[in-house]
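Given the structure of chain F, go ahead and fit chain A onto it with the hints provided.
There are 2 protein chains.
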Amino acid sequence: MKHSETEARNLAIATAMYRDMLMKFDSRHVDRFIAEDYIQHSTAASGGREGLRAFLDDRRAGFPDVDIRIKARYADGDVTIFHIHTVRHPGDPGMNIVDIFRHGADGKVCEHWEVVQEIPERLPHDNGIF
Amino acid sequence: MKHSETEARNLAIATAMYRDMLMKFDSRHVDRFIAEDYIQHSTAASGGREGLRAFLDDRRAGFPDVDIRIKARYADGDVTIFHIHTVRHPGDPGMNIVDIFRHGADGKVCEHWEVVQEIPERLPHDNGIF
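Each protein sequence line maps, in turn, to chains F and A. When the letters of the first sequence are read in order and numbered with our numbering, they come out as residues 52 to 181. When the letters of the second sequence are read in order and numbered with our numbering, they come out as residues 52 to 181.
Chain F with its partners taken away, still in its complex shape (with noise of 0.2 angstroms):
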């Protein structure tokens, strides 16, 4: 895909922010990713830097064996989008993911949308979820 300059730097500063924090729960890199004025719409995680912060802590006791790969990646204008498999433990199917990230002009994400669901065991088809 073609992406602007903004667009780029704001796919690898998302990218670094699964890296860092999201995919080991790490509640350390908060303030380096997230802006001050953070608006959450997650129905996972109470309100900005500090529900984030509890959210992390939270999830990073009760899954120590977490594994969330990046699926798919889309950028479009100061918005990116994750496409994410998040396996909370062995033998778990996972769950399928999009985070959508609304990132200010100094690329920190200042918004976050969230959808979540469960992976079933069987699906109607033979493709995947994925």
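The hints are simulated quantities; they were obtained by calculation from the structure and are not laboratory data. Worth double-checking, as some hints may not be accurate.
Since the list can't tell identical chains apart, any single copy or any two copies may satisfy a pair.
To be verified - Computed cross-link-like contacts, DSS-like style, restricted to lysine-lysine with a CA-CA straight-line distance of at most 25 angstroms:
id: 1; residue 1: 75; residue 2: 53
id: 2; residue 1: 159; residue 2: 122
id: 3; residue 1: 159; residue 2: 75
id: 4; residue 1: 75; residue 2: 122
In this text, all values refer to a predicted model and were calculated from it rather than measured experimentally.
Same frame as chain F, but now just chain A:
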């Protein structure tokens, strides 16, 4: 957002597909919007055009008062991404959905990924889910 001609065309086609087909569960428009070799990844429908037709006919019978709204839409190359609120009947908090479509050279949809989440009665913040 600044879109290429292809991105703008694909967004227009997908938006018309919601208006004429998906928002009304109207299976008569499948061949107009969906490619012959359509690859379905959704958990809700079986494969191909036939699976989509069966899905639409089933939902049309089950949810005659459905209200489907586009909350946001994005494009990246040959892919369009729609954030959708589907209210199945009056009083339903509804479903939080992201649809991802890959469009062919002629604009028809060749492939579809979807994440579907029931919207809970309460969120852990006051920002809404959209």
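Ascending list of hint numbers which this structure does not respect: Violated: hint 1 alone.
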